[in-house]
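Colleague: In case you want the letters, here they are:
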Amino acid sequence: MNPTTIVHIVDDDPGVRKSLQMVLESASLAVKVYESAERFLEDMDLSISGCIVLDLRMPGIDGIELLQRLRTAGHEIPVIVISAHADVPTAVRSMKLGAVDLLQKPFEPKALLEIVRRAVQKSVEINQKRAEENAIRKRLADLTTRELELLRLVVAGRSNKQIASDLNISIKTVANHRANLMAKTHALNAADLTRISTIAGIRPQ
Amino acid sequence: MNSKPIKVLLVEDNPADAVLMRETLAESHYGEFSVTVVSRLDTAIQRLTEEPFDIVLLDLGLPDSQGLDTLKRLRKQSRAIPLVVLTGLSDEAMGVQALQNGAQDYLVKGETAGNLMARAVRYAIERKNAEEAFLASEQRLALTVDAVQVGIWSFDIATEVITWSDQVARLFAVDPLTFDGKRETLFQCIHPDDREVVRNRINAARTSGKDYTSEYRIIWPDGSLHWIESRGRVMLDDNKRPVRIMGTVVEITQRKLAEEAMRSRDAELAHLNRVNTMGQMASGLAHELNQPLSAILNYASVCLAQAESDKGSRSTILMAVQEIMNETRRAGAIISRMRSFVRKQRPKNEVVDINQLVTESLSILEFELRHQKIRPKIKLAEGLPGVLADPVQIEQVLVNLIYNALEAMSEKTPPGNMLRLETRRREDGGSVEISVIDSGCGVSEETMARLFEPFYTTKSKGLGMGLNISRSIVEGHGGRLSATPNPEGGMRFSFTLAIAEGATP
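Protein sequence lines, in the order shown, are assigned to chains A and B.
Going letter by letter, the first sequence gives residues 4 to 208 in the numbering used here.
Going letter by letter, the second sequence gives residues 6 to 510 in the numbering used here.
Simulated from the structure, these hints should not be mistaken for laboratory data.
The beta carbon of each residue, even a glycine, is placed where N, CA and C say it ideally should be.
Mixed in with the good hints there might be a few duds.
[Unchecked claim] Coverage of chain B stretches by chain A, computed from C-beta distances (three or more under 8 Å per stretch; other residues unrestricted):
1. 83 to 92
2. 158 to 169
3. 290 to 304
4. 307 to 314
My request is simple: use the sequences and hints to build the entire structure.
Modeller: Below, the structure is given as structure tokens:
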């Protein structure tokens, strides 16, 4: 069975790598280990939700640089940085690059487990949100110009009557367009339609 | 042949004998003789003070002196003059005694034909000259030997008997009268720890015919220790077979004490340098130890979770505990490596594998290397013979040099950085060369000139002792440490170490 989430461990120290794998696997998490950042870049598959547990000090490409590369490439996967020797500047840099947490070795495995779980959850949510956004964008792409115009007015809080007057059309026509709009966007009500428009980045008129 | 006539003083109270001898000499083919005849010993002694003679022909029976006494009295007055004694037919025994009392020859009167006599005279002169020359050289040698307090010994290979000068007896605190000349008696004076080495050296010299040298301790009857330096040369017979070893011994206790004091001062400095180096690496050390510690914590937490759970897996626990043990050992190894590096210890001298030392030095600096993301290029010559060295000290030199190289490169961006470590056997065949090459900032001309000075540093953190100590360590090992700039930037530090005698590749 394919796991629904994966925790990636990138650490050049075999002892740390193997022990982390055991901790996470004992907590029923699916784990993949990499001995270097280069290895991770070769093998990574970020289509599945999860997180990365990343060591900072590694020969070759180090943790910070890998984090930078992932962010530049637009990957949003949560990254937990672990380090045996974290100085303040490095900590600040990694947090700025969007690391969800930074743990100093040796750390409490329970604490890591909790952080990993939250990160995995966050990743699942991010991916769900992305999926929904994509679906919504796709649906909104099907709207006619008139329907889009109508949508902006609805989101702006105008009533059917006001919209009819705004667009100089009959109230009945407005009601028709509105029914189409609801059907095409799968919106449940006016509030939901507002949510969808916000996600799609459509501004009220 | 000498054109100058040989001046002969003939001391003879019998006028007939005197005439006969004068004529005999005159007729000989052995050059021209000018003979002065006196009949009394006191006249002879008087004449010898007045003018130089080449030789005295002395009849022992004179009016004013008889027998050997005549010879002794003349010798007393004139030590260096060649002297031939004239004896009667029945007096051959007297002649032999005369030889023992400083005569160069004796002639039996009436028995000696012309040429034979002249030849005897000439030979006596030659013999006396050679004797004098030998004596002078002996005296010069004795003077020298006394001045430098050298003892002289000779070891007969066939009989294994040792003969020696009094100075040797003094150095060994042995009574020269009771010394039996046996090798073993002498060996009893030598410190038990040194006997084997001395024995081997002597045997090696005997077999190879090469010069022998050795430094060893002797124990005096009062229990005091004395250092001796012994040198010897193998003497060969006509068939090139060794017959004896002759040599000298000198006491070198003072030198040894001075060397020891110097060494212990050097050792103090070296230790300070190691502690200092370790201090600079402290953060790296913490990093290195945190790795096994976090692994241990992880495994332990797995054990705990498994033990607490109803579905806990025994095999998982076993595996985790096994790993805990491995990681603990690893942490222990890191600590003991560090501790042995900074530990104070007496300098050792053993046959070491230089390639292994290079590898160990790199492992001490492993975290520094990782920190700077440097993967050293290591080119170690295969089949290098062992070198005679103190492993801790040589490791220290390597750590110093590598650490310097890393510091020189710390300002640069990682991709261009290159650290090379090389070992090779030198062309002379008797030594190995170890090089640490970096692509760092290099050194200015001014710094280059002062590179090995103590307390000279261009670093804010350094004490400026690393290179100075490294050089004294290398030189203490009989090697050389040199620094040259790389054509393509950075520096190259190389040092040499002699290959241990008899080390097999």
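Colleague: Look at each hint and say if it fits the structure.
Modeller: Verification of the hints:
| no. | hint | result |
| --- | --- | --- |
| 1 | 83 to 92 | violated (count 0) |
| 2 | 158 to 169 | violated (count 0) |
| 3 | 290 to 304 | holds (count 13) |
| 4 | 307 to 314 | holds (count 3) |
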